[in-house]
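> What follows is the residue order along each chain.
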Amino acid sequence: MTAAGGALIAIESVAKRYVTSSGPVDALDDISLSVAEGEFCTLIGPSGCGKSTLLGMLGGLVMPDRGRLLVAGAPVTGPDPRRVATVFQDAGLFPWRTALENVEFGLELQGVSAERRRRTASELLGPLGLRGFAERYPRELSGGMKQRVAIGRALAIDTKILLMDEPFGALDEQTRVLMGEWLLDIWRRTRKTVIFVTHSLHEALFLSTRVAVMTARPGRIKSVLELTMEYPRSMESPEMVALRAKLWSEIREESLRAMQST
Amino acid sequence: MKVTVLRLALLAALLAAWELAGRAANPLLAVPPSAVVPALRDLLLLRSYPRLPASLWLTVREIGVAYALAVAAGLGCGFALGMNRLLGRAWGPMIAALYAVPAVVWYPSLMLFFGLDAASKIAFGFLLGFFPITLAVLAGVRQVNPQLVLVARAYGAGVVTVFFRVMLPSMLFTLVGGLRTGLALSVIGVVVGEILGAKDGMGALINHAYGLLRTGDYVALVLVTLAIVVGSDVLASLLERRARRWSE
Chain X
442 MTAAGGALIA IESVAKRYVT SSGPVDALDD ISLSVAEGEF CTLIGPSGCG
492 KSTLLGMLGG LVMPDRGRLL VAGAPVTGPD PRRVATVFQD AGLFPWRTAL
542 ENVEFGLELQ GVSAERRRRT ASELLGPLGL RGFAERYPRE LSGGMKQRVA
592 IGRALAIDTK ILLMDEPFGA LDEQTRVLMG EWLLDIWRRT RKTVIFVTHS
642 LHEALFLSTR VAVMTARPGR IKSVLELTME YPRSMESPEM VALRAKLWSE
692 IREESLRAMQ ST
Chain G
204 MKVTVLRLAL LAALLAAWEL AGRAANPLLA VPPSAVVPAL RDLLLLRSYP
254 RLPASLWLTV REIGVAYALA VAAGLGCGFA LGMNRLLGRA WGPMIAALYA
304 VPAVVWYPSL MLFFGLDAAS KIAFGFLLGF FPITLAVLAG VRQVNPQLVL
354 VARAYGAGVV TVFFRVMLPS MLFTLVGGLR TGLALSVIGV VVGEILGAKD
404 GMGALINHAY GLLRTGDYVA LVLVTLAIVV GSDVLASLLE RRARRWSE
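Top line first, the protein sequences correspond to chains X and G. First residue of the first sequence? That's 442 in this note's numbering, and the numbers climb one at a time after it. First residue of the second sequence? That's 204 in this note's numbering, and the numbers climb one at a time after it.
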């Protein structure tokens with residue numbers, strides 16, 4: 442981790458409580474984490490531990506009750522599509538727009554000319570593996586393709602920071618592994634700073650430079666693992682097998698707590 | 204092609220049945236199509252009813268005003284109730300319940316309140332058109348996927364952009380359907396209002412011909428009125444197609 446001044450993202454003592462019909466729920470309690478530029482930082486933890494809430498706060502869609510979040514030194518006050526792009530869990534594509542038009546969406550809102558945004562989006566379709574699918578509507582695409590369009594929409598606005606909320610959670614395992622490899626390739630070429638929420642140990646170990654394990658609700662940071670292995674990583678190396686066991690024991694404990702509390 | 208043939212076949216069969224039934228029945232009460240043709244010719248040449256153009260124009264204007272008011276109020280109320288959860292929960296079901304009341308029961312009070320001139324017809328056309336439009340907006344707002352609103356906000360959309368880029372396209376089909384139903388009902392409201400009691404307009408002419416047992420003229424007037432209805436529906440379907448193209 443770099444010195445505090447060098448962090449691109451700083452989360453400082455953030456807390457969030459939701460008021461539901463069955464009383465208040467503490468989603469996050471005193472979370473602090475900083476992420477340096479170019480890192481691939483994964484948040485992993487049991488269901489309902491507030492990972493998505495934390496990501497929503499970084500994206501400016503959810504406001505913390507206490508603490509603050511800084512992006513490039515400035516407090517987050519709302520969505521900032523010039524710095525931060527978000528990929529949501531279930532793609533969230535606009536069904537009345539073609540794949541290409543969905544990729545163009547962010548640029549359109551930023552007032553980029555039709556010709557320029559069309560060019561940018563078209564150039565992205567190749568690496569997304571969607572060449573020839575530009576004019577298809579979301580209902581005509583497979584789950585993996587939809588998620589790649591959603592990632593394309595995030596990459597199109599070319600932000601330094603990419604927030605990904607379980608982007609492959611709804612995909613079958615084979616597609617998921619392939620999408621992970623593909624994302625790794627994209628990340629290594631663009632050197633974006635990625636915050637990645639997942640339930641998958643495999644994804645966390647295969648992709649991340651750092652893994653933050655969160656506790657059951659109210660979510661706190663339980664531990665942070667630094668991963669220094671070279672890419673692409675072999676999941677069978679002794680080092681990886683040991684890390685996997687360690688990560689699993691931490692998550693298992695929290696998942697059991699989460700199951701007992703509900 | 205086959206559809207057209209089938210449509211024409213049904214029309215021809217109905218006309219033939221009508222002709223046979225009309226010839227068999229009392230000529231004062233029933234009119235076969237062969238007797239309608241001269242009546243229609245007299246009507247269009249302004250021989251039987253010289254007031255036809257003025258009456259037709261009055262009815263069209265009444266429909267136009269009634270529908271414009273219904274659209275404005277329906278969209279306004281629909282969005283106000285749709286965007287505000289509490290209001291929607293409180294008043295939405297009441298509006299749906301009122302829609303179920305046969306609207307013609309209100310008409311006598313509208314005549315008492317607005318008089319026998321155009322105002323009461325406009326009020327009735329408005330009343331009929333207002334409900335389906337409001338309810339379509341309410342249903343449409345509920346169709347908007349909140350996840351898509353969140354996506355748009357994350358990419359920098361404000362309230363206005365969310366409205367035009369996410370909400371309107373999401374609810375377009377329902378909305379346009381409601382607007383079309385509203386138009387049809389506004390037309391019905393105005394014409395029924397005129398038939399129930401008016402000094403002028405197509406309904407008043409129909410009433411006049413019917414009252415004097417000028418059955419041929421009566422049918423000819425109905426045909427002209429039918430042309431307005433079909434014309435307005437064709438116009439609405441053109442707008443609907445335009446809206447679909449815009450949404451894509």
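Worth flagging that the hints you see were computed from the coordinates, not collected in a lab. Because the structure is a prediction, the values reported are computed rather than measured. Backbone N, C-alpha and C fix where the C-beta goes; we use that ideal spot for every residue, glycine too. Don't take each hint at face value.
What the hints assert, rightly or not - Derived contacts from chain G toward chain X, CB cut-off under 7 angstroms, selection only: (1) Q350; (2) L351; (3) A357; (4) G359.
Unchecked claim - Distance windows between CB atoms, simulated: (5) G:V363 - X:E680: 52 to 58 angstroms; (6) X:G570 - G:A300: 42 to 48 angstroms; (7) G:A446 - X:V665: 21 to 27 angstroms; (8) G:R254 - X:A555: 26 to 32 angstroms; (9) X:Q701 - G:R292: 47 to 53 angstroms.
> Evaluate each hint against the coordinates.
Structure-based check of all given hints:
Interface restraint check for Q350 (chain G): the shortest CB-CB distance to chain X comes to about 5 angstroms, inside 7 angstroms, so the restraint holds. Against a cut-off of 7 angstroms between C-beta atoms, the interface hint on L351 (chain G) holds, since the closest Cβ of chain X lies about 6 angstroms away. Satisfaction of the interface hint for A357 (chain G) is found here, the shortest Cβ-Cβ separation to chain X being roughly 5 angstroms, below the 7 angstroms cut-off. Taken as an interface hint, G359 (chain G) checks out: its beta carbon lies about 4 angstroms from the nearest beta carbon of chain X, inside 7 angstroms.
The given range of 52 to 58 angstroms is respected by V363 (chain G) and E680 (chain X), whose C-beta atoms sit roughly 53 angstroms from each other. At roughly 53 angstroms, the beta carbons of G570 (chain X) and A300 (chain G) sit outside the given window of 42 to 48 angstroms. Here the CB-CB span from A446 (chain G) to V665 (chain X) is close to 53 angstroms, at odds with the stated 21 to 27 angstroms. For the hinted restraint 26 to 32 angstroms between R254 (chain G) and A555 (chain X), the CB-CB distance of approximately 54 angstroms leaves it violated.
Separated by about 36 angstroms at the C-beta atoms, Q701 (chain X) and R292 (chain G) break the suggested range of 47 to 53 angstroms.
Consistency with the previously given hints fails for numbers 6, 7, 8, 9, ordered from lowest to highest.
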